[in-house]
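Using the sequences and the hints given, assemble the complete structure.
Protein chains in written order, with the working numbering: chain A, 11 to 215; chain B, 2 to 157.
Just so you know, the hints here were simulated from the structure itself, not pulled from any lab data. Any given hint might turn out to be false.
Now the stretches of chain B that chain A is said to cover, found in silico as 3 or more residues with beta-carbon under 8 Å [what the hints assert, rightly or not]:
# : segment
1 : 3-10
2 : 40-53
3 : 65-78
4 : 88-102
In silico DSS-like pairs for lysine-lysine, Cα to Cα no more than 30 Å straight-line [stated by the list, open to error]:
#  : chain 1 : residue 1 : chain 2 : residue 2
5  : A       : K190      : A       : K126
6  : B       : K29       : A       : K61
7  : B       : K40       : A       : K190
8  : B       : K135      : B       : K29
9  : B       : K40       : A       : K70
10 : B       : K85       : A       : K192
11 : B       : K85       : A       : K190
Here are the in silico distance ranges between beta carbons for each label pair [said to hold, decoys possible]:
#  : chain 1 : residue 1 : chain 2 : residue 2 : range
12 : A       : L71       : B       : Y53       : 19 to 27 Å
13 : A       : N127      : B       : E134      : 27 to 35 Å
14 : A       : I125      : B       : L39       : 38 to 46 Å
15 : A       : E63       : B       : E122      : 19 to 27 Å
16 : A       : Q208      : B       : N70       : 33 to 41 Å
17 : A       : S80       : B       : D115      : 42 to 50 Å
18 : B       : V75       : A       : N199      : 45 to 53 Å
19 : A       : N200      : B       : S13       : 32 to 40 Å
20 : B       : F31       : A       : D156      : 18 to 26 Å
21 : B       : D115      : A       : K126      : 18 to 26 Å
22 : A       : N199      : B       : I138      : 42 to 50 Å
23 : A       : S78       : B       : N70       : 22 to 30 Å
24 : A       : K120      : B       : D115      : 30 to 38 Å
25 : A       : K211      : B       : F31       : 38 to 46 Å
Here a beta-carbon is modelled for each residue, glycine too, at the ideal position from N, C-alpha and C.
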Amino acid sequence: MQFKKWIYSLAVILLLSVPSFAEKSDFFGKGEELLNQAGNTLGTIVKVGNKIEYTNPAGKLLKWSEQSASDITNSISVAKNSTDVGRKLEGTVADFIKSEGKIIEGFGMKVKDGIKNIDVTDIDILTSNEIIEIKRSVAAWETKIDQVNRFVNSTLDDFVNPYNKKAILFIEQPLSALDKQKILNTIPNNVALVNTLQELKVILK
Amino acid sequence: MSLSILSKEIISIDSIFKNISLAALKGKLFYAVNDNSLKANDQIENLNIRKYFGNGEDDYDFLLMEIYNQDKIVNFLSKRIINKEIYYCVAGTDNAPSRLCYDFSLSYLRLSPDHLISIYEHVFSLYEIEAIEKKGIYTDTWYYDFKKIDASENSI
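So this is what it looks like as structure tokens:
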């Protein structure tokens, strides 16, 4: 009899501790936030429909659209056949990464300011472990030398690497020793500079 | 595509900002400046220029223009030597799509005809892009096709 009473009390406690059905989504949202704060993510991520809403450590809300596997495959195929040599290069590198057995999680992703809805940056290639910026030449890199900073400097307004993936800068044009030194002196230490697909292959996890 | 605005003189950031803004306006392009576009070093980043091709939320191409400060122009960025004259890169962007580069370049060079624009290593003036416009022969590879179209018009 005493045991039955104990079981009954336990059941009541459990029922009271579980949120109602109407509260469940909020409950899971908070759970995700707690997980983020526990250190798995830099900032917080919430999925709303097919949109990812990311509040980075600087407190800025950024958003982007989730890409399906078929969307990514199509985009890579279109890029590979593009007459734009920069776009074609992005497609070629993505295809190479796929051939190395890696899954591409994002390709040519538009990242927008979540409040103002204007563009903040784009992410050329996202894999499970890497975030990759593709440049055709040193001159192309020079037009936006700070672009890779937003992958590694979490104090920036436009920091956009929630899972702290390895940041890679791929430059296709063969680099002179001088150019290489100039780039290495400019980009943050935790961004890897690669100059060939073979170098990229070595660095992919 | 990588697009750079080239000038024989180092012009003020205010002046280049005005010209880029007017070029977007006259080129009938969406244009937005963010409240953090002006940086502490006086550079201007992420001038948001879009060209819509549909009615969906993401049905547009875009570029994010940067205007460089004097220190960067002089001490960091590569200079171009064109017809034995030094040109400085005063503003630029990367990952910009072809048609948007074309529309912006045409509009910009009409406002600043003494400047040049380069798409990757291909350099052109108002003269070349105006020739494409007048002949209505735009293609996705316009920035190097114009050299094949009429070599005699290449005056750079």
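Structure-based check of each hint:
1. 3-10: Result for this restraint: holds, n = 3.
2. 40-53: Since 4 is at least three, the answer is holds.
3. 65-78: holds (count 4)
4. 88-102: holds (count 7)
5. A:K190 / A:K126: At roughly 37 Å apart (the allowed maximum being 30 Å), K126 of chain A and K190 of chain A break the hint.
6. B:K29 / A:K61: Given pair K29 of chain B, K61 of chain A holds - Cα atoms ~29 Å apart, limit 30 Å.
7. B:K40 / A:K190: Measuring from Cα to Cα gives roughly 27 Å; hence the hint holds.
8. B:K135 / B:K29: holds (18 Å)
9. B:K40 / A:K70: Roughly 17 Å between the alpha carbons, so the hint for K40 of chain B and K70 of chain A holds.
10. B:K85 / A:K192: Roughly 25 Å between the alpha carbons, so the hint for K85 of chain B and K192 of chain A holds.
11. B:K85 / A:K190: holds (27 Å)
12. A:L71 / B:Y53: 19 to 27 Å: Given about 23 Å between the Cβ atoms, the range holds.
13. A:N127 / B:E134: 27 to 35 Å: holds (32 Å)
14. A:I125 / B:L39: 38 to 46 Å: violated (18 Å)
15. A:E63 / B:E122: 19 to 27 Å: violated (40 Å)
16. A:Q208 / B:N70: 33 to 41 Å: holds (37 Å)
17. A:S80 / B:D115: 42 to 50 Å: Given a distance of about 49 Å, which is inside 42 to 50 Å, the answer is holds.
18. B:V75 / A:N199: 45 to 53 Å: Hint violated: Cβ distance 26 Å, outside 45 to 53 Å.
19. A:N200 / B:S13: 32 to 40 Å: At 36 Å between Cβs, range holds.
20. B:F31 / A:D156: 18 to 26 Å: This hint holds: roughly 24 Å between Cβ atoms.
21. B:D115 / A:K126: 18 to 26 Å: violated (34 Å)
22. A:N199 / B:I138: 42 to 50 Å: holds (48 Å)
23. A:S78 / B:N70: 22 to 30 Å: violated (42 Å)
24. A:K120 / B:D115: 30 to 38 Å: Cβ of K120 of chain A to Cβ of D115 of chain B: about 34 Å, so the range 30 to 38 Å holds.
25. A:K211 / B:F31: 38 to 46 Å: holds (40 Å)
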